[in-house]
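**Q** Residue numbers (our numbering), protein chains in the order written: chain A, 1 to 569; chain B, 1 to 233.
Treat each hint with caution, since some may be false.
Unchecked claim - Where chain A lies over chain B, by a calculated footprint (3+ residues, C-beta under 8 Å):
1. 39-51
2. 57-70
3. 156-162
4. 209-216
Stated by the list, open to error - One-sided excerpt, in silico: chain B residues whose CB lies under 8 Å from chain A:
5. 87
6. 95
7. 105
8. 109
9. 121
10. 122
11. 123
12. 125
13. 174
14. 184
15. 204
16. 205
No lab work stands behind these hints, which were simulated from the structure alone.
We put the CB at the ideal spot given by N, CA and C, even for glycine.
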Amino acid sequence: MSEAEVLDLGDLEIILSRHSSLDRQALIPVLLEAQKPYGYLSEALLLAIGQALRVPLAEIHGVIEFYTLLYNEPVGKHFIRVCTGPVCAQVGSHQILEKVSQQYIADSTTTVEEVPCLCLCDNAPAALVDEVPIGNIDRGAMGTPGELGREVGLGFIGGEERWLTKRCGSVNPEDIDDFIALEGFAALRRALEKMQPPDVIREMKASGLVGLGGAAFPTGLKWEFAANAESDTRYIVCNGDESEPGTFKDRVLMEGDPYSVLEGMTIAGYAVGAKKGYIYVRGEYPRAQKILQNAIETARRMGYLGENILGSEFTFDVELRSGAGAYICGEETALFESIEGKRGFPRLKPPYPTTHGLFDKPTAINNVETLCASAWIIANGAAAYRARGTDESPGLKLFCLSGDIVQAGVYEVPFGITIAELIELGGGFKGEPQAILLGGAAGTFVRPEDLDLVLSFEDLKKAGHSLGSGVIFVINQEHDLRSSLLSLAEFFSHESCGKCFPCRMGTQRQFEIIEKAVQGEANKADFLALDDIRYTMTNSSICGLGITAGTAIGSALELWPDVFAVDHG
Amino acid sequence: METIALEIDGKRVTVASGSTILAAAEKAGTDIPVLCYFEHTSSKGLCRLCVVEVEGATTMQPACVALAQNDSIIQTRSENIDRIRRTILEMLASTVDLSESPDLLEMLLDYDAVPERFQGGKQLLPDLIDDNPVFIRDYAKCVMCWRCVQVCAEDAQYAFAINFGGRGFETSIATFFGKAMPETTCVFCGQCVGVCPSGALKAKTEHLLELGALPEEIFSETRMRRKSKRRRT
Ligand SMILES: Cc1cc2nc3c(=O)[nH]c(=O)nc-3n(C[C@H](O)[C@H](O)[C@H](O)COP(=O)(O)O)c2cc1C
Ligand code: SF4
Ligand code: SF4
Ligand code: FES
Numbered sequence: 001m002s003e004a005e006v007l008d009l010g011d012l013e014i015i016l017s018r019h020s021s022l023d024r025q026a027l028i029p030v031l032l033e034a035q036k037p038y039g040y041l042s043e044a045l046l047l048a049i050g051q052a053l054r055v056p057l058a059e060i061h062g063v064i065e066f067y068t069l070l071y072n073e074p075v076g077k078h079f080i081r082v083c084t085g086p087v088c089a090q091v092g093s094h095q096i097l098e099k100v101s102q103q104y105i106a107d108s109t110t111t112v113e114e115v116p117c118l119c120l121c122d123n124a125p126a127a128l129v130d131e132v133p134i135g136n137i138d139r140g141a142m143g144t145p146g147e148l149g150r151e152v153g154l155g156f157i158g159g160e161e162r163w164l165t166k167r168c169g170s171v172n173p174e175d176i177d178d179f180i181a182l183e184g185f186a187a188l189r190r191a192l193e194k195m196q197p198p199d200v201i202r203e204m205k206a207s208g209l210v211g212l213g214g215a216a217f218p219t220g221l222k223w224e225f226a227a228n229a230e231s232d233t234r235y236i237v238c239n240g241d242e243s244e245p246g247t248f249k250d251r252v253l254m255e256g257d258p259y260s261v262l263e264g265m266t267i268a269g270y271a272v273g274a275k276k277g278y279i280y281v282r283g284e285y286p287r288a289q290k291i292l293q294n295a296i297e298t299a300r301r302m303g304y305l306g307e308n309i310l311g312s313e314f315t316f317d318v319e320l321r322s323g324a325g326a327y328i329c330g331e332e333t334a335l336f337e338s339i340e341g342k343r344g345f346p347r348l349k350p351p352y353p354t355t356h357g358l359f360d361k362p363t364a365i366n367n368v369e370t371l372c373a374s375a376w377i378i379a380n381g382a383a384a385y386r387a388r389g390t391d392e393s394p395g396l397k398l399f400c401l402s403g404d405i406v407q408a409g410v411y412e413v414p415f416g417i418t419i420a421e422l423i424e425l426g427g428g429f430k431g432e433p434q435a436i437l438l439g440g441a442a443g444t445f446v447r448p449e450d451l452d453l454v455l456s457f458e459d460l461k462k463a464g465h466s467l468g469s470g471v472i473f474v475i476n477q478e479h480d481l482r483s484s485l486l487s488l489a490e491f492f493s494h495e496s497c498g499k500c501f502p503c504r505m506g507t508q509r510q511f512e513i514i515e516k517a518v519q520g521e522a523n524k525a526d527f528l529a530l531d532d533i534r535y536t537m538t539n540s541s542i543c544g545l546g547i548t549a550g551t552a553i554g555s556a557l558e559l560w561p562d563v564f565a566v567d568h569g
Numbered sequence: 001m002e003t004i005a006l007e008i009d010g011k012r013v014t015v016a017s018g019s020t021i022l023a024a025a026e027k028a029g030t031d032i033p034v035l036c037y038f039e040h041t042s043s044k045g046l047c048r049l050c051v052v053e054v055e056g057a058t059t060m061q062p063a064c065v066a067l068a069q070n071d072s073i074i075q076t077r078s079e080n081i082d083r084i085r086r087t088i089l090e091m092l093a094s095t096v097d098l099s100e101s102p103d104l105l106e107m108l109l110d111y112d113a114v115p116e117r118f119q120g121g122k123q124l125l126p127d128l129i130d131d132n133p134v135f136i137r138d139y140a141k142c143v144m145c146w147r148c149v150q151v152c153a154e155d156a157q158y159a160f161a162i163n164f165g166g167r168g169f170e171t172s173i174a175t176f177f178g179k180a181m182p183e184t185t186c187v188f189c190g191q192c193v194g195v196c197p198s199g200a201l202k203a204k205t206e207h208l209l210e211l212g213a214l215p216e217e218i219f220s221e222t223r224m225r226r227k228s229k230r231r232r233t
């Protein structure tokens with residue numbers, strides 16, 4: 001224990017002094033901050049943190065072990081995190097990882113890691129060098145950060161009509177005046193000055209907006225449930241954990257129009273009767289975090305957050321929370337656990353977040369895009385929102401186009417267009433298409449023959465697909481579909497939280513069987529076992545991760561039964 | 001007391017409202033297999049062996065935590081239910097050593113489980129840990145029921161000596177930095193040993209007896225260890 005004697009706790013004291021409540025919920029922020037000056041989370045450091053926050057050491061250890069961005073052994077001062085998600089993998093990310101690892105093998109100041117998906121898929125292959133997102137890495141490039149590639153910008157944004165992305169790329173996201181000049185805070189002003197909370201909820205219900213984070217639950221109804229729940233404290237949570245392979249729309253909104261996200265949260269707070277909101281942004285989005293933190297502080301200074309917003313009686317503030325490397329923390333209840341300073345284990349439902357959410361209080365949790373759409377609706381009215389899209393899927397939607405497409409990027413288009421029309425907007429396919437992953441890693445594959453599929457909740461549901469997080473990932477004939485399936489299987493086994501048995505073991509066994517299949521060594525019995533695993537995960541897992549962990553692979557096996565050679569030996 | 005009535009495998013039962021499906025089934029005399037459920041710890045719904053079909057519900061329900069609803073019609077065995085239970089049991093038996101989990105061994109037979117179909121898959125078979133005079137930890141037998149963590153924490157002892165390590169498939173039961181039990185906040189109450197269903201946590205005496213040690217050897221072993229600990233502190 002001599003380490004304890006020599007460890008200078010000065011930096012820790014400064015970190016702790018910045019936190020207003022020294023308890024369990026401060027744990028993950030303190031751990032993330034403390035490992036910066038100290039390099040990593042040593043025993044002595046954790047002893048001091050445990051004492052200050054009164055968290056048992058075994059639990060702190062459990063938390064660190066859960067999150068990939070928390071380190072309890074020495075790591076480099078610098079990090080190169082190479083994305084090996086399915087989109088990057090098909091343009092050589094594994095070779096890049098190999099090369100960079102070799103380059104730094106003897107250099108203890110730089111740690112090289114792979115990340116299952118950095119959600120920079122529009123700039124694949126990508127990496128995160130310390131806090132800088134790098135994209136379009138040339139496979140031939142050397143491994144030093146400067147030579148890997150350039151910092152990526154917001155990325156390409158397409159679409160003929162732009163509602164939610166109209167400011168993205170055209171305003172300075174750091175500048176609140178830019179935002180205000182382009183109708184910023186008009187919605188908040190309208191809500192606070194002309195509407196009562198129930199009016200806001202009514203307008204939201206009339207708009208027909210449903211959650212755009214994957215579960216498609218009606219937003220107005222969610223707000224109403226939270227507003228009506230018996231409690232003196234309520235919370236708004238903005239889900240900016242975006243980690244699903246192929247998804248990057250929320251990053252574009254958070255980095256391109258941060259005030260709009262805050263405006264949506266504030267309106268939600270007004271409607272629901274919440275005084276506090278949290279925005280949880282994945283740890284691998286440092287740039288989005290910086291932009292949002294600046295926006296929060298500026299908005300507070302200018303009276304758009306804090307007490308008596310715009311001179312009204314309404315008080316609301318927002319706290320930014322960083323994720324720490326766990327896809328599962330995008331699941332709403334796992335996200336609450338994470339904010340509360342725990343391992344990201346999803347909770348059993350019921351009870352639902354609108355009655356028992358963050359800190360067990362009624363909570364309305366919404367996706368970033370949902371909240372931006374909410375601000376748009378309150379500014380322009382439900383009728384205007386319904387003027388586009390279909391009856392059951394009104395409005396515009398952001399789609400994430402990646403893979404073998406001429407212009408990858410975020411496309412804002414009305415619900416109801418076909419995949420073919422969207423692909424055309426993206427400049428068409430690169431090469432001869434083979435397969436399209438629709439919805440995300442948790443989505444399903446479609447064939448190039450099925451491009452007439454209409455992109456709306458109702459049409460996709462009818463056809464047995466889901467919109468997921470708006471992913472369209474194209475794989476052409478030059479790429480090996482089997483590798484994509486392996487990459488998906490690996491993603492889920494890496495990201496399963498390990499709570500429920502079907503997913504904890506099922507994602508592992510699924511990965512093993514696909515690995516065998518890629519090597520041509522899987523036999524008929526293995527595929528039957530895989531069917532059983534998929535059925536079990538889908539029908540008995542606790543949360544959406546396990547429920548959908550076999551969906552994409554299952555759909556591929558159904559569409560292309562011969563994708564793997566079966567070993568009949 | 002408010003009561004509800006429902007049908008389980010064709011048999012009608014009346015239970016207090018707020019009862020779980022598992023409790024209702026028990027009253028109906030129907031056995032539903034459980035693993036993570038335990039009377040003396042809060043229910044977590046982890047293992048999913050207890051799933052049942054509730055007519056009209058879109059998904060299977062974990063009987064240990066799902067509440068019984070008035071007029072529900074519930075099936076506790078079907079081809080689909082058995083398929084899930086069998087697969088979970090097969091995956092579990094191919095991952096850890098179930099030789100001292102008699103209930104699970106019986107279930108494997110009951111559901112015609114063939115764990116060999118996952119042969120070659122990753123297993124979790126860490127070395128036995130013998131680091132204190134009171135109990136041994138043989139996590140190769142751990143079925144991840146969470147009970148030990150629960151009783152060590154808020155469900156009983158508030159000692160917080162053990163928690164989780166790893167994530168996903170590799171989730172394990174662990175101490176702070178993997179320290180030996182005497183170096184943790186463990187108070188050697190033995191509650192974890194008492195609730196462990198799998199033989200993973202076992203009293204030291206029992207362990208030594210199984211190894212064939214003589215009573216006096218056992219006594220000296222545990223006593224010496226105790227002494228040495230006292231000397232150190
Ligand atoms: C494994 C998993 C990951 C998820 N990740 C996200 C995410 O990154 N962002 C998000 O908004 N929703 C995510 N969700 C969905 C959330 O649980 C929740 O439904 C959503 O945040 C609600 O917002 P909405 O109603 O506005 O869509 C995820 C769900 C699961 C099961
Ligand atoms: S389905 Fe997977 S991610 Fe969800 S609770 Fe179960 S183990 Fe965790
Ligand atoms: S050690 Fe025993 S009580 Fe603890 S989780 Fe494993 S099987 Fe359950
Ligand atoms: S006994 Fe119900 S989930 Fe384990």
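**Q** Report the numbers of all earlier hints that the structure fails to satisfy, in ascending order.
**A** Hints 4, 7, 8, 11, 12, 15, 16 contradicted; others consistent.
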